[in-house]
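The primary structure of each chain is shown beneath.
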Amino acid sequence: MTILEGLKYTKSHEWVKENGDGTVTVGLTDYAQQELGDLVFVNLPLAGDGVTAGEAFGDVESVKAVSDVFSPVSGEVAEINEELLDAPQMINETPYDAWLIKVENVSDSEELLSAVEYEAFLAQGE
Amino acid sequence: MQLIFEKSHAGRGCDLLPACDVPEVQLPEELKREQPLRLPQLSETEISRHYSALAKRAHGVNDGFYPLGSCTMKYNPRIDEEMAALPGFTNIHPLQPENTVTGCKQVLDTAKAYLCEATGMDAITFQPAAGAHGEFTGLLLIKSYHEARGDIKRNKIIIPDAAHGTNPASASMAGFTVVTIPSGPDGCVDLNALRASVGEDTAGLMLTNPNTVGIFDSNILEITDIIHQAGGLNYYDGANFNAIMGVVRPGDMGFDVVHLNLHKTFATPHGGGGPGSGPVACKSILQPYLPGCAIQNSQKEKLQLKAFHGNFLVVVKALTYMLTLGAEGIRSACEGAVLNANYMMAKLKDLYPVPYGKTCMHEFVLSLEELKKETGVSALDVAKSLIDHGIHPPTMYFPLIVHEALMFEPTETESRETLDEAAEVMRELYQMAHEDGAQMHDAPHHAQIKRPDEVLAARQPVLRYQWKQV
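Line by line, the protein sequences are chains A and B.
Each residue of the first sequence is one higher than the one before, counting from 1 in the working numbering.
Each residue of the second sequence is one higher than the one before, counting from 1 in the working numbering.
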């Protein structure tokens, strides 16, 4: 299972990349995709929609179940990864490339974990 | 196996219609089909063999044990079918004069009286065609109630995270926002979380009791009171009614509206053997908003969920079931369901951990998380392996609060011998997982259909027959 250095993480298993221009990119971690199993559907917001830290902004569906995806930050959706809508398996194959949304006008954030802290958090749950 | 369309041969058939003895009428040209209907053309022998072959490939309650959790796959008595086939019930039209269908009316009135008695409610509608349809109906009643009082800020429905997936779906369909509250360490409603979530925007609560881990929430009176104090109403998801019928009533637990699955609890067939029926019963405060009831002092249209009285013949079957059992029989069916579930759980819990509760109600949930860690054999693998032993898999990966969940609901119509056999198979599978787990990844090995590719089926669904291009 992979955890990338340089990214931030949430306890609900999203990764966050700060892009340096005030925007952030959000995706699902390798751990999340392993737990969910093969994904078959992704439901994303529209560009321009507001997202709130700690609240669901979309959902992913696996053969097992539908699960909410929570936003690590508050802000406005700048862009969504439309490729995922037709190819949700990209999240299983390359979770750290298969980003879900980019958020701009970020006003608030959840408590985010570093790679080391996220690894410790996962170990705790085992 | 070939589909019936693929077996078709032009010109073959089994209909010998008599010559037309009334004048022919021509339809207007614009209403006529451009090409004839592509109906399969087969002889009666071929049709008969086709459906017999299909039946052999299926697994129903008549074929073997079917412990599908939350679905109450009990035996459907033949007498129910006999009554529903009586010509007085089948050869009628919903618009014929009422004084010519008094028998049918009596069926509805009697079923209404019994179901209201069993649920502790005052009124009922038979329109909803299934459980989720009933949930949707019940939520619209709650909505109408608040709106009629001018209390339009109530837009939130509170639902525990262990709820059936239909609950949040129905609430969203009815235009509410769903507030999910976590379950406590005992698998029941976390009272503090519930208290923290209610407010002036609370429209109501949706709850099933016993809950989806098969435990009766003993705080139920406090739970429904918290919602009432906040100004909301309580909806009882009747999916698990088999666990309490004849013993406890939702109306006495503080619920205001409830749906029943006649096709589960009251022994009428499910799915392809259906159709279903999900009547909604309510307290008198909600009666004015029921489908078919006049709403006083309102310009709003009457609620209409389905034509007339819904799937009437299913009600005939359910009433037959109730009359056959009587009040005593209903109660003992319920007690049998709870006893059977506890018996089977007791025979398995030393090998398969039961995350919640020492005793259960009508169903129990095992966690195969440990087994998967030790052997790599998942809940899916065990479920598929059961098929090789002539047992329908239990409900898998639900409720979501239990990892690698298998949910068994044996029902009261299974014998002790069947439960013993099924428990023995589960114990053998546990052994097999440790000794030769790899082969379980490909189970079932002996079924007509092997392991389907569920991922491919979900990603590239084939939803209809593709006609060959001529």
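It is possible that part of the hints are untrue.
Stated by the list, open to error - List time: in silico EDC-like cross-link candidates among lysine to aspartate or glutamate, alpha-carbon distance up to 20 Å: (1) Lys-102(A) with Glu-83(A); (2) Lys-372(B) with Glu-55(A); (3) Lys-11(A) with Asp-161(B); (4) Lys-347(B) with Glu-421(B); (5) Lys-64(A) with Asp-453(B); (6) Lys-64(A) with Asp-122(B); (7) Lys-64(A) with Asp-442(B); (8) Lys-372(B) with Glu-83(A); (9) Lys-358(B) with Glu-335(B); (10) Lys-64(A) with Glu-335(B); (11) Lys-64(A) with Glu-370(B); (12) Lys-112(B) with Asp-122(B); (13) Lys-102(A) with Asp-38(A); (14) Lys-373(B) with Glu-55(A); (15) Lys-64(A) with Glu-421(B); (16) Lys-373(B) with Glu-35(A); (17) Lys-373(B) with Asp-38(A); (18) Lys-349(B) with Asp-453(B); (19) Lys-17(A) with Asp-86(A).
It is worth saying that the hints were derived from the structure and are not from the lab.
Need the status of pair Lys-102(A), Asp-38(A): alpha-carbon distance at most 20 Å?
Violated, because 23 Å separates the two Cα atoms, which is more than 20 Å.
Are the Cα positions of Lys-373(B) and Glu-55(A) separated by 20 Å at most?
violated (31 Å)
Pair hint Lys-372(B) and Glu-55(A), alpha-carbon separation not exceeding 20 Å:
violated (31 Å)
Holds or violated: Lys-373(B) and Glu-35(A), Cα atoms, limit 20 Å.
holds (13 Å)
Straight-line alpha-carbon gap Lys-112(B) to Asp-122(B), limit 20 Å
Holds. Lys-112(B) to Asp-122(B) sits at ~9 Å (cutoff 20 Å).
Pair hint Lys-64(A) and Glu-421(B), alpha-carbon separation not exceeding 20 Å
violated (28 Å)
Are Lys-358(B) and Glu-335(B) close enough, with their CA atoms no more than 20 Å apart?
Answer holds: Lys-358(B) to Glu-335(B) is near 17 Å, not above 20 Å.
Does the alpha-carbon distance linking Lys-11(A) and Asp-161(B) stay inside the 20 Å limit?
Judged against 20 Å, a Cα distance of about 18 Å means the pair holds.
For Lys-17(A) and Asp-86(A), compute the direct alpha-carbon distance and say whether it is at most 20 Å.
Measuring from Cα to Cα gives roughly 23 Å; hence the hint is violated.
Restraint check for Lys-64(A) with Glu-335(B), where alpha carbons must lie at most 20 Å apart
This hinted pair is violated, its Cα atoms lying about 32 Å apart.
Is it true that the CA of Lys-64(A) sits at most 20 Å from the CA of Glu-370(B)?
holds (18 Å)
Are the Cα positions of Lys-64(A) and Asp-122(B) separated by 20 Å at most?
Distance ~39 Å between Lys-64(A) and Asp-122(B) Cα, so the pair is violated.
Figure legend: structure checked against the earlier numbered hints; hints not met, in rising order: 2, 6, 8, 10, 13, 14, 15, 18 and 19.
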